[in-house]
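Chains as they are written, first to last, in my numbering: chain A, 36 to 371; chain B, 2 to 159.
Please note that a few of the clues may not be correct.
Said to hold, decoys possible - Listed below are several chain A residues computed to face chain B (Cβ distance under 8 Å; list not exhaustive):
| # | residue |
| --- | --- |
| 1 | V155 |
| 2 | L158 |
| 3 | L161 |
| 4 | V168 |
| 5 | Y169 |
| 6 | S191 |
| 7 | P333 |
As the list claims (entries may be wrong) - Anything over 12 Å on all C-beta distances counts as not near chain A; from chain B, calculated:
| # | residue |
| --- | --- |
| 8 | A13 |
| 9 | A21 |
| 10 | M28 |
| 11 | S42 |
| 12 | M48 |
| 13 | P51 |
| 14 | L56 |
| 15 | K90 |
| 16 | W92 |
| 17 | P94 |
Claimed, not checked - Here are some chain A residues pointing at chain B (derived, C-beta under 8 Å):
| # | residue |
| --- | --- |
| 18 | G85 |
| 19 | F87 |
| 20 | L89 |
| 21 | G147 |
| 22 | V150 |
| 23 | N154 |
| 24 | Y159 |
Just so you know, the hints here were simulated from the structure itself, not pulled from any lab data. For glycine and all other residues, C-beta sits at the position ideal for the given N, C-alpha and C.
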Amino acid sequence: MSDSLIMLLIILVKLALILVVTLTLAAYMVLAERKLLGRMQNRYGPNRVGPFGLLQPLADLIKLITKEDIMPDDSDRAIYYIAPGIVAGTVLLTFAVVPFGAPFTVKGHTVGTPVIDLNVGLLYFLALSSLGVYGVALAGWASGSKYSLLGGIRGSAQMISYELSMGLALAPVVMLAGSFSLVDIVGAQSGWWFIVYMPLGFTIFLISVAAESKRIPFDLPEAENELVAGYHTEYSGMRFGLFFVGEYINLIVLSALATTFFLGGWHGPGPPWLSFFWFSLKSGVIAFFFIWMRATLPRLRYDRLMHFGWQVLVPLSLLNIVLTGALALLFGWRHA
Amino acid sequence: MNAVVFYILGFAVLTATFMAVTRRETMHAVIYLVMSFFALSLIFYMMGAPLIAALEVIIYAGAIMVLFLFVVMMLDMGMPTRPEGPFVKTWLPAIVLAGVILVCSWTMFTGAPEAKAAYISPRTFGYALYTKYMLAVEIASLLLLFALVGALYLGRRE
Numbered sequence: 036m037s038d039s040l041i042m043l044l045i046i047l048v049k050l051a052l053i054l055v056v057t058l059t060l061a062a063y064m065v066l067a068e069r070k071l072l073g074r075m076q077n078r079y080g081p082n083r084v085g086p087f088g089l090l091q092p093l094a095d096l097i098k099l100i101t102k103e104d105i106m107p108d109d110s111d112r113a114i115y116y117i118a119p120g121i122v123a124g125t126v127l128l129t130f131a132v133v134p135f136g137a138p139f140t141v142k143g144h145t146v147g148t149p150v151i152d153l154n155v156g157l158l159y160f161l162a163l164s165s166l167g168v169y170g171v172a173l174a175g176w177a178s179g180s181k182y183s184l185l186g187g188i189r190g191s192a193q194m195i196s197y198e199l200s201m202g203l204a205l206a207p208v209v210m211l212a213g214s215f216s217l218v219d220i221v222g223a224q225s226g227w228w229f230i231v232y233m234p235l236g237f238t239i240f241l242i243s244v245a246a247e248s249k250r251i252p253f254d255l256p257e258a259e260n261e262l263v264a265g266y267h268t269e270y271s272g273m274r275f276g277l278f279f280v281g282e283y284i285n286l287i288v289l290s291a292l293a294t295t296f297f298l299g300g301w302h303g304p305g306p307p308w309l310s311f312f313w314f315s316l317k318s319g320v321i322a323f324f325f326i327w328m329r330a331t332l333p334r335l336r337y338d339r340l341m342h343f344g345w346q347v348l349v350p351l352s353l354l355n356i357v358l359t360g361a362l363a364l365l366f367g368w369r370h371a
Numbered sequence: 002m003n004a005v006v007f008y009i010l011g012f013a014v015l016t017a018t019f020m021a022v023t024r025r026e027t028m029h030a031v032i033y034l035v036m037s038f039f040a041l042s043l044i045f046y047m048m049g050a051p052l053i054a055a056l057e058v059i060i061y062a063g064a065i066m067v068l069f070l071f072v073v074m075m076l077d078m079g080m081p082t083r084p085e086g087p088f089v090k091t092w093l094p095a096i097v098l099a100g101v102i103l104v105c106s107w108t109m110f111t112g113a114p115e116a117k118a119a120y121i122s123p124r125t126f127g128y129a130l131y132t133k134y135m136l137a138v139e140i141a142s143l144l145l146l147f148a149l150v151g152a153l154y155l156g157r158r159e
């Protein structure tokens with residue numbers, strides 16, 4: 036086999052692996068969340084389907100697929116159909132640049148773990164997350180229902196606002212690593228992790244990410260007691276399933292990215308093959324933190340959410356840029 | 002291979018832009034424009050400008066068009082009707098714009114040297130931006146600051 040054919044094959048294998056693993060993980064993330072929430076609220080959570088309720092995701096999937104796909108009379112057909120795909124698609128595509136393990140060697144070729152090591156990888160993530168806004172906004176608009184529209188408007192306003200502080204929190208990461216490439220960013224953390232240099236940036240990133248993925252305490256776009264279910268009120272069956280799964284894939288990818296940007300990515304003690312384990316462990320801890328947060332905090336009021344984003348997080352992240360920049364110059368922290 | 006991809010993308014950009022201009026439903030126009038920006042960013046990436054490609058999606062498709070979308074959703078404009086008034090009043094802006102575009106494309110196709118695609122890394126691009134084109138960047142950011150202050154003034158509560 037020629038070299039280019041081998042490279043193509045490796046890329047295809049990586050794509051297939053990522054697709055299968057993330058979709059399975061997302062399904063079990065739902066189960067993990069329901070179990071943990073149950074425990075934190077002093078009940079059992081799902082435990083009837085299979086041993087320890089382990090087959091629950093399968094049962095949910097069958098239910099979602101076999102349900103009727105309803106389309107409201109007032110909706111805009113084409114956009115109504117595309118919107119769930121935009122939400123799930125943009126989130127899945129983000130995985131292309133995540134290095135989830137140490138590079139390995141196949142027949143003398145050194146292969147990196149991300150599908151593609153873009154030299155604008157970090158910007159690629161920001162671009163996709165800003166495209167994800169369209170899924171929410173269009174779903175809300177195309178449903179032809181006032182609850183959906185309100186949810187869509189809230190969702191897009193919230194996502195643009197917190198995208199700003201998320202992007203600004205990542206600026207010092209690029210300053211320290213000297214590159215937009217996620218592989219280089221992980222490489223720059225082979226010594227100290229970036230969380231040591233900028234705990235403030237990490238905190239801002241985590242909060243913004245929680246708002247970006249519309250989870251409690253930031254789930255105003257789908258606040259049940261006022262908007263029924265927000266932008267996906269009218270959706271049913273697998274189209275609703277795409278929103279639902281998209282949310283959990285988003286949770287996984289954002290945990291993976293927080294690990295990549297601040298927690299040293301796949302770096303850890305032991306042989307290179309253990310790097311996958313370290314990466315999963317760190318991402319798992321962050322994902323657990325998000326679930327924990329959901330069980331602990333009540334929903335914010337909408338005006339407070341906006342106030343917090345624009346008047347607390349944005350100035351803080353600007354301060355973080357100046358502070359990290361000054362300290363990096365002073366102590367020579369730059370890696371490249 | 003590259004040429005084939007380029008022409009496919011170019012066709013996509015032109016079609017999407019044409020659709021954006023001709024749609025009556027404002028929401029559909031916005032979506033076609035986003036598609037056009039997206040295809041354009043792929044062309045930028047192909048031509049060796051990954052940073053511009055990323056910024057095109059983040060700023061144009063991801064920020065500006067979302068604000069458009071936001072306004073469309075808030076206003077609920079409905080279908081536009083045929084404008085009334087004398088011929089000159091309704092068509093003059095279109096004629097002026099067409100003239101400007103014609104002159105621009107004329108100078109571009111006859112005067113400018115053939116564009117050569119060269120790979121520019123984000124580092125090189127940023128360096129050029131803040132050394133060679135420093136003044137232009139500062140003027141542009143000043144302009145944005147004015148707009149920001151203006152928006153703040155107009156939007157403040159009494």
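Hint check, failures only:
Failing hints, ascending: 7, 10, 11, 13, 14, 18, 19, 20, 21 and 22.
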